[in-house]
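Going line by line, the protein sequences match chains A and B. To convert, count from 1 in the first sequence and add 75; that's the working numbering. To convert, count from 1 in the second sequence and add 398; that's the working numbering.
Mixed in with the good hints, there may be bad ones.
Between beta-carbon pairs, the in silico distance windows are [as the list claims (entries may be wrong)]: (1) B:G470 - A:Q144: 34 to 42 Å; (2) B:R462 - A:P115: 25 to 33 Å; (3) A:Q158 - B:Q498: 22 to 30 Å; (4) B:S405 - A:Q158: 25 to 33 Å; (5) B:P479 - A:K148: 22 to 30 Å; (6) B:S425 - A:N173: 29 to 37 Å; (7) B:I410 - A:T180: 39 to 47 Å; (8) A:G160 - B:N450: 34 to 42 Å; (9) B:K481 - A:D101: 28 to 36 Å; (10) B:I495 - A:N137: 22 to 30 Å; (11) A:I187 - B:K469: 25 to 33 Å; (12) A:I187 - B:L482: 18 to 26 Å; (13) B:S464 - A:P115: 39 to 47 Å; (14) A:L122 - B:W420: 19 to 27 Å.
No more than 20 Å apart at the CA atoms, straight line, and that leaves these computed lysine-lysine pairs for PhoX-like [to be verified]: (15) B:K413 - B:K460; (16) A:K175 - B:K442; (17) A:K175 - A:K153; (18) B:K409 - B:K476; (19) A:K175 - B:K460; (20) B:K413 - B:K481.
Quick caveat, the hints were computed from the structure, so don't treat them as lab data. Where is the CB? At the ideal position from N, CA and C, for every residue including glycine.
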Amino acid sequence: AQTVTQSQPEMSVQEAETVTLSCTYDTSESDYYLFWYKQPPSRQMILVIRQEAYKQQNATENRFSVNFQKAAKSFSLKISDSQLGDAAMYFCAYQPGNEKLTFGTGTRLTIIP
Amino acid sequence: EAGVAQSPRYKIIEKRQSVAFWCNPISGHATLYWYQQILGQGPKLLIQFQNNGVVDDSQLPKDRFSAERLKGVDSTLKIQPAKLEDSAVYLCASSLIGAQPQHFGDGTRLSIL
Numbered sequence: 076a077q078t079v080t081q082s083q084p085e086m087s088v089q090e091a092e093t094v095t096l097s098c099t100y101d102t103s104e105s106d107y108y109l110f111w112y113k114q115p116p117s118r119q120m121i122l123v124i125r126q127e128a129y130k131q132q133n134a135t136e137n138r139f140s141v142n143f144q145k146a147a148k149s150f151s152l153k154i155s156d157s158q159l160g161d162a163a164m165y166f167c168a169y170q171p172g173n174e175k176l177t178f179g180t181g182t183r184l185t186i187i188p
Numbered sequence: 399e400a401g402v403a404q405s406p407r408y409k410i411i412e413k414r415q416s417v418a419f420w421c422n423p424i425s426g427h428a429t430l431y432w433y434q435q436i437l438g439q440g441p442k443l444l445i446q447f448q449n450n451g452v453v454d455d456s457q458l459p460k461d462r463f464s465a466e467r468l469k470g471v472d473s474t475l476k477i478q479p480a481k482l483e484d485s486a487v488y489l490c491a492s493s494l495i496g497a498q499p500q501h502f503g504d505g506t507r508l509s510i511l
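Given these sequences and hints, build the entire structure.
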């Protein structure tokens, strides 16, 4: 069974600083997708960034970037220039092909003004 | 474009009562998902529809949960009878096809007394 592990239940960072959230996953598949979703108190899951396993280049979206290490099955999220609006639960998720999305347990990110 | 719409936003019922949730996906999205998110955990897939057919319902407790997607657009998820352990946020998501990023609604928070 595929599993997604987020080993940091909580993280905090000073506003304008950089923070990295960790995620590891277990799979025997070679073709899959990885995602980071943000869930603010409003409960809506918002897609932050997406990585396709066959692409070696790390995905970036403005202040958000990933460090994708396929051999190590690691997929960390780096948030640069942290802003108060970045405070939320962050979930790492894995999806092999067209199969179901499997989420980690989440990391609660607090931004310190 | 309009996002995934869900209602109600909150629901409080007593155990053994029944409850229904409604979801309207993004226009044109063929795939619709229902997730259960228990407090402190990541979302868990309950059921996946492709148009009006079920793709995956392996984690749906079929003795009490049912879902339908008539005409391949709107969907309803029903619980009858509810148990205390059903207290959770129920999220609906949709995507163009299975492997594309899923777009989530705001969810329904269900409390069982």
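We went through each hint and held it up to the structure:
no.: 1; hint: B:G470 - A:Q144: 34 to 42 Å; in the structure: holds, 40 Å
no.: 2; hint: B:R462 - A:P115: 25 to 33 Å; in the structure: holds, 31 Å
no.: 3; hint: A:Q158 - B:Q498: 22 to 30 Å; in the structure: holds, 28 Å
no.: 4; hint: B:S405 - A:Q158: 25 to 33 Å; in the structure: holds, 31 Å
no.: 5; hint: B:P479 - A:K148: 22 to 30 Å; in the structure: violated, 41 Å
no.: 6; hint: B:S425 - A:N173: 29 to 37 Å; in the structure: violated, 21 Å
no.: 7; hint: B:I410 - A:T180: 39 to 47 Å; in the structure: violated, 26 Å
no.: 8; hint: A:G160 - B:N450: 34 to 42 Å; in the structure: holds, 38 Å
no.: 9; hint: B:K481 - A:D101: 28 to 36 Å; in the structure: holds, 31 Å
no.: 10; hint: B:I495 - A:N137: 22 to 30 Å; in the structure: holds, 26 Å
no.: 11; hint: A:I187 - B:K469: 25 to 33 Å; in the structure: violated, 49 Å
no.: 12; hint: A:I187 - B:L482: 18 to 26 Å; in the structure: violated, 37 Å
no.: 13; hint: B:S464 - A:P115: 39 to 47 Å; in the structure: violated, 31 Å
no.: 14; hint: A:L122 - B:W420: 19 to 27 Å; in the structure: holds, 23 Å
no.: 15; hint: B:K413 - B:K460; in the structure: holds, 17 Å
no.: 16; hint: A:K175 - B:K442; in the structure: holds, 10 Å
no.: 17; hint: A:K175 - A:K153; in the structure: violated, 25 Å
no.: 18; hint: B:K409 - B:K476; in the structure: holds, 13 Å
no.: 19; hint: A:K175 - B:K460; in the structure: holds, 18 Å
no.: 20; hint: B:K413 - B:K481; in the structure: holds, 5 Å
Of the hints listed earlier, those the structure fails to meet are numbers 5, 6, 7, 11, 12, 13, 17, in rising order.
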